[in-house]
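Visitor: Here is what each chain is made of, one letter per residue.
Number of protein chains: 4
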Amino acid sequence: MKSPSEIVNIMINADSFSKWLGINVVKIDRGVCILNCEVKNEMLNGFHIAHGGITYSLADSCLAFASNSYGYQCVSIETSISHIKKVLEGEQLTATSREISRTRKTGIYEITIHNQNHELVANFKGTVFITENLW
Amino acid sequence: MKSPSEIVNIMINADSFSKWLGINVVKIDRGVCILNCEVKNEMLNGFHIAHGGITYSLADSCLAFASNSYGYQCVSIETSISHIKKVLEGEQLTATSREISRTRKTGIYEITIHNQNHELVANFKGTVFITENLW
Amino acid sequence: MKSPSEIVNIMINADSFSKWLGINVVKIDRGVCILNCEVKNEMLNGFHIAHGGITYSLADSCLAFASNSYGYQCVSIETSISHIKKVLEGEQLTATSREISRTRKTGIYEITIHNQNHELVANFKGTVFITENLW
Amino acid sequence: MKSPSEIVNIMINADSFSKWLGINVVKIDRGVCILNCEVKNEMLNGFHIAHGGITYSLADSCLAFASNSYGYQCVSIETSISHIKKVLEGEQLTATSREISRTRKTGIYEITIHNQNHELVANFKGTVFITENLW
Numbered sequence: 001m002k003s004p005s006e007i008v009n010i011m012i013n014a015d016s017f018s019k020w021l022g023i024n025v026v027k028i029d030r031g032v033c034i035l036n037c038e039v040k041n042e043m044l045n046g047f048h049i050a051h052g053g054i055t056y057s058l059a060d061s062c063l064a065f066a067s068n069s070y071g072y073q074c075v076s077i078e079t080s081i082s083h084i085k086k087v088l089e090g091e092q093l094t095a096t097s098r099e100i101s102r103t104r105k106t107g108i109y110e111i112t113i114h115n116q117n118h119e120l121v122a123n124f125k126g127t128v129f130i131t132e133n134l135w
Numbered sequence: 136m137k138s139p140s141e142i143v144n145i146m147i148n149a150d151s152f153s154k155w156l157g158i159n160v161v162k163i164d165r166g167v168c169i170l171n172c173e174v175k176n177e178m179l180n181g182f183h184i185a186h187g188g189i190t191y192s193l194a195d196s197c198l199a200f201a202s203n204s205y206g207y208q209c210v211s212i213e214t215s216i217s218h219i220k221k222v223l224e225g226e227q228l229t230a231t232s233r234e235i236s237r238t239r240k241t242g243i244y245e246i247t248i249h250n251q252n253h254e255l256v257a258n259f260k261g262t263v264f265i266t267e268n269l270w
Numbered sequence: 271m272k273s274p275s276e277i278v279n280i281m282i283n284a285d286s287f288s289k290w291l292g293i294n295v296v297k298i299d300r301g302v303c304i305l306n307c308e309v310k311n312e313m314l315n316g317f318h319i320a321h322g323g324i325t326y327s328l329a330d331s332c333l334a335f336a337s338n339s340y341g342y343q344c345v346s347i348e349t350s351i352s353h354i355k356k357v358l359e360g361e362q363l364t365a366t367s368r369e370i371s372r373t374r375k376t377g378i379y380e381i382t383i384h385n386q387n388h389e390l391v392a393n394f395k396g397t398v399f400i401t402e403n404l405w
Numbered sequence: 406m407k408s409p410s411e412i413v414n415i416m417i418n419a420d421s422f423s424k425w426l427g428i429n430v431v432k433i434d435r436g437v438c439i440l441n442c443e444v445k446n447e448m449l450n451g452f453h454i455a456h457g458g459i460t461y462s463l464a465d466s467c468l469a470f471a472s473n474s475y476g477y478q479c480v481s482i483e484t485s486i487s488h489i490k491k492v493l494e495g496e497q498l499t500a501t502s503r504e505i506s507r508t509r510k511t512g513i514y515e516i517t518i519h520n521q522n523h524e525l526v527a528n529f530k531g532t533v534f535i536t537e538n539l540w
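Residue numbers (the working numbering), protein chains in the order written: chain U, 1 to 135; chain Y, 136 to 270; chain F, 271 to 405; chain W, 406 to 540.
Since the hints were made in silico from the structure, they are not lab data. Since no wrong hints were added, every one of them can be taken at face value.
Calculated pairs, PhoX-like style, for lysine-lysine (alpha carbon to alpha carbon, straight line, at most 20 angstroms):
#, chain 1, residue 1, chain 2, residue 2
1, W, Lys490, W, Lys445
2, Y, Lys175, Y, Lys220
3, W, Lys445, W, Lys491
4, F, Lys289, W, Lys424
5, F, Lys375, W, Lys490
6, W, Lys424, W, Lys445
7, W, Lys445, F, Lys289
8, Y, Lys240, F, Lys356
9, Y, Lys220, F, Lys375
Just a sample of chain Y residues kept apart from chain U, beta carbon distances all over 12 angstroms, derived:
#, residue
10, Lys162
11, Arg165
12, Glu226
13, Gln227
14, Arg233
15, Ile235
16, Arg237
17, Lys240
18, His249
19, Gln251
20, Glu254
21, Leu255
Every residue, glycine too, gets a C-beta built ideally from N, C-alpha and C.
All chains should be built: construct the whole structure from the sequences, respecting the hints.
Guide: Structure, rendered in structure tokens:
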């Protein structure tokens with residue numbers, strides 16, 4: 001069984017979009033992941049704030065890394081996100097996972113995203129299906 | 136009061152991330168929006184399929200345009216998405232809005248995303264808060 | 271393989287809470303279910319309107335019957351509901367299912383709840399896991 | 406401005422459905438609520454486990470009490486629940502709120518439901534709109 005770091009290295013090396021987002025892996029362990037990235041100009045929407053898709057994407061990558069880190073490939077079933085505070089260009093975002101539940105078939109994770117002032121900017125919840133395929 | 140087309144032109148012209156995604160506006164009217172885009176290599180994740188953030192972002196832009204088209208600025212409160220079918224590089228995605236409900240304060244929209252074979256790849260639901268600020 | 275009617279008869283005969291709610295099966299077929307019930311005084315909350323749990327429960331029963339009707343037992347993974355319009359004592363509620371997607375492992379259903387004036391009072395979305403256990 | 410206890414007393418005294426559920430208020434403070442109840446035979450579904458509507462209803466009451474306790478009336482906008490573990494007749498359920506976020510207009514709460522063995526049986530997330538109406 002591969003280690004969490006080995007799995008996430010495989011995942012992130014092949015993950016073009018996470019690279020475009022400039023995602024860094026701050027911490028990875030079984031069921032645990034912390035990521036960060038910086039908001040760039042091309043991530044803004046028509047309100048001149050980060051597009052909702054940016055915080056969602058950061059959270060979704062965090063979900064993928066946290067849930068896959070046990071060694072079995074996981075597939076996202078359902079995810080939801082609340083956008084709580086506006087995110088501006090240049091802000092540093094940190095996504096932190098919390099494993100709510102993990103059974104044989106499904107895992108549920110909360111991902112919180114904070115800015116550089118430790119303010120909560122988004123709250124994400126994701127449910128994954130755990131396949132029997134090993135990494 | 137600005138027309139739906141005028142509003143979406145203002146929004147999309149300033150929307151760097153929707154431009155990066157290559158989003159085209161196929162149809163826009165009050166509460167109605169159809170968008171499309173093509174999946175490029177840099178939108179893929181570690182499974183070599185479109186990152187969940189890509190379909191989310193397309194749906195979230197569709198939500199923003201559909202809900203803002205009445206003339207009042209809207210802010211996303213809560214959104215959820217189910218990823219139903221894998222999306223490959225080169226696929227053509229179309230996002231179509233359906234207004235589930237719109238009251239004085241909140242609007243609820245379903246956004247469905249289909250590929251070029253008319254297969255459903257993602258189902259999104261979003262709730263917006265309707266502000267009193269005119270476009 | 272049992273028919274949709276046979277399955278729902280088994281389910282509802284053993285379903286004490288659906289009986290307490292006074293749920294009637296208006297229509298049942300594979301992936302399709304319409305239910306109704308009347309809002310009674312003991313279903314009200316502290317605002318003198320139907321408790322959110324009442325419309326949720328009606329929708330959740332509708333999800334269970336629609337998804338189980340194919341013959342395989344299904345287990346709810348994740349459900350969400352938006353409460354759109356207040357529901358008063360004496361109102362007649364109708365829940366109608368729509369199958370958004372059904373793959374080998376999961377099914378996604380929208381359940382809409384209308385009152386006797388055909389006004390939408392709640393919008394529900396549910397994802398089920400499809401087991402290999404036959405009814 | 407009324408105290409949290411005064412508000413919840415008003416709410417629960419008029420709440421016929423919470424009474425039917427046998428809900429007890431274990432703790433109430435601004436943004437904080439703990440409730441419990443016992444699962445009775447008439448709360449079971451066709452699988453002989455608690456109907457999903459029971460844990461939803463307990464969580465929804467917990468959301469209502471936690472969010473209204475500041476003194477302003479709140480209205481539920483969107484709620485979601487994951488059913489994690491089967492709940493049997495006779496089990497003692499405890500719902501505990503956690504305030505994820507509270508701004509001037511909206512509040513977001515997580516409600517976790519545990520059984521008497523401190524096992525997580527359901528995870529609920531609710532978003533409320535904060536009105537300007539005082540209790």
